[in-house]
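Start from chain A and add chain B according to the hints.
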Amino acid sequence: MSKVTTGFSMSLDGFVADENDGVDRVFKWYGIGDTTGEVQIGDATWTIAEEAAEYIQEAGRAAGVLVTARRTFDLAKAWGGRHPMDVPMVVLTHTPPEEWINREGSPFTFVTDGVPSAIAKAREIAGEKDVAVGAPSVVKECLRLGLLDEIHIDLVPVLLGKGVRLFDGIATPLELLVTAASGSRHVTHLTYRVVK
Amino acid sequence: MTLVICDMSVSLDGFVVGPNDSRERPWGDGVNLHAWMLGGAADEEGRAMLQDYIDGVGAIVMGRTSFDKNEGDGGWGEGGPLGATPCFVVTHNKPATSYPPVYTFVTDGVASAIKQARHVAGSKVVGLHGATVMQQALPLGLVDEIRVHVIPVLLGGGTPLFGALASAITLERTAVQATAGATHLGFRVVNRPT
Chain A
1 MSKVTTGFSM SLDGFVADEN DGVDRVFKWY GIGDTTGEVQ IGDATWTIAE EAAEYIQEAG
61 RAAGVLVTAR RTFDLAKAWG GRHPMDVPMV VLTHTPPEEW INREGSPFTF VTDGVPSAIA
121 KAREIAGEKD VAVGAPSVVK ECLRLGLLDE IHIDLVPVLL GKGVRLFDGI ATPLELLVTA
181 ASGSRHVTHL TYRVVK
Chain B
1 MTLVICDMSV SLDGFVVGPN DSRERPWGDG VNLHAWMLGG AADEEGRAML QDYIDGVGAI
61 VMGRTSFDKN EGDGGWGEGG PLGATPCFVV THNKPATSYP PVYTFVTDGV ASAIKQARHV
121 AGSKVVGLHG ATVMQQALPL GLVDEIRVHV IPVLLGGGTP LFGALASAIT LERTAVQATA
181 GATHLGFRVV NRPT
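Heads up: the sequence lines are chains A and B, in that order. Quick note: the first sequence uses our numbering, first residue 1, plus one each step. Quick note: the second sequence uses our numbering, first residue 1, plus one each step.
The shape of chain A in the complex, shown without the other chains (with noise of 0.2 Å):
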């Protein structure tokens, strides 16, 4: 079966957003490096650092499928019909947005339906390859329903001191087995698998 797994840039006191839903001091590792890549949201061409759009890239071939919430989603503004990554999206939402419904070349299914339904959607869209989620609460909700395989982090020198946690609220400890740690000065890479 394939995994669950999530990614994020996290701050070392365990933002992965300020208190404005900013994401520039977290993604700021994106754009250190000798040599340049390019990655692709919406229409727009973006270069990065070669590390990172490599990174990327490597996430998008892993992954099948991305879920996501309704709040991330708006927040990147749909990132402009085409994620970085370029993979197809489920979105968790109570009222899918009409400009997005039945549109052509749309990689977006809405859900309505919870986080459990979500998944199952998710991976029949995936088929071998593995769910990603990128939203902190569906982050938390598959946490707290065992639905969570791998969680990446990408953990950034750097204490916010406040802002969105990606962690947040766990109901009982929850073991991890650490599978790999890499990374430069600007960011350390952290792969862990959740024990259940």
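Treat the hints as calculated values from the structure; they're not laboratory data. Heads up, a few of these hints could be off.
Which bits of chain B does chain A cover? Going by a derived footprint, with three or more residues having C-beta under 8 Å, they are [unchecked claim]: (1) 9 to 16; (2) 164 to 171.
The following residues of chain A were derived to be distant from chain B, with all beta-carbon distances above 12 Å [stated by the list, open to error]: (3) MET1; (4) GLY31; (5) GLY33; (6) GLY37; (7) GLU38; (8) ARG70; (9) PRO96; (10) LYS121.
Below are the SDA-like pairs computed for lysine to any residue, each with C-alpha atoms no more than 25 Å apart in a straight line [said to hold, decoys possible]: (11) A/LYS3 with B/ALA180; (12) A/LYS196 with B/ALA178; (13) A/LYS28 with B/ALA164; (14) A/LYS162 with B/MET8; (15) A/LYS129 with A/PRO88; (16) A/LYS162 with B/GLY157; (17) A/LYS28 with B/ARG192; (18) A/LYS28 with B/ALA168.
Here the structure is a predicted model, which means the values were calculated and not measured. Glycine included, every Cβ here is placed at the ideal spot set by N, Cα and C.
Frame of chain A, contents of chain B only:
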């Protein structure tokens, strides 16, 4: 200049101890975050890291919570967390009863305690023990280095190592090492709040 370092084991979600901790249940509802360096499960690398720390620290600064929880019988016994290494306890009121001479009680704040600890530590480092003094000292620009041993566990609650900050503090990673029980990260504090 004597370095002030914070060296703490922490869960991936940032807690140094689980909820409802006490003298009787030191880890509370969480798990033992020191297993990587102490006790039967500790491996050689972990024990060596702990010894390096012990050898390098000239004085310790801690808060009243750490002190009350661990001092004396059933805890640190006649010494402090590192035996005879002098400890400066930041507290509002000096305790009424007397305690072993390893402890000095400082009632005029963490900056004063760190200053006194620096004096005693000399060429060794000052170790900050516990989350409270870390959260007090960091915004005052008094912390030079942060070493965290990230344990592969999510506790969901407890005492967080890091607190709220008025503005971001930039760090630079100086060390990374993965061992069986933890991922060890060292950081230098770059932009110090003034």
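Hints, verified against the model:
1. 9 to 16: holds (count 3)
2. 164 to 171: holds (count 8)
3. MET1: 23 Å, holds
4. GLY31: 15 Å, holds
5. GLY33: 16 Å, holds
6. GLY37: Holds, since 23 Å exceeds 12 Å.
7. GLU38: Given a closest Cβ separation of 27 Å, the condition holds.
8. ARG70: Fine: 25 Å to the nearest Cβ keeps A/ARG70 off the interface.
9. PRO96: 32 Å, holds
10. LYS121: Given a closest Cβ separation of 26 Å, the condition holds.
11. A/LYS3 with B/ALA180: 23 Å, holds
12. A/LYS196 with B/ALA178: 22 Å, holds
13. A/LYS28 with B/ALA164: 21 Å, holds
14. A/LYS162 with B/MET8: 21 Å, holds
15. A/LYS129 with A/PRO88: The given pair, whose Cα atoms are some 12 Å apart, holds under the 25 Å limit.
16. A/LYS162 with B/GLY157: Holds. A/LYS162 to B/GLY157 sits at ~17 Å (cutoff 25 Å).
17. A/LYS28 with B/ARG192: Holds, at about 19 Å.
18. A/LYS28 with B/ALA168: 14 Å, holds
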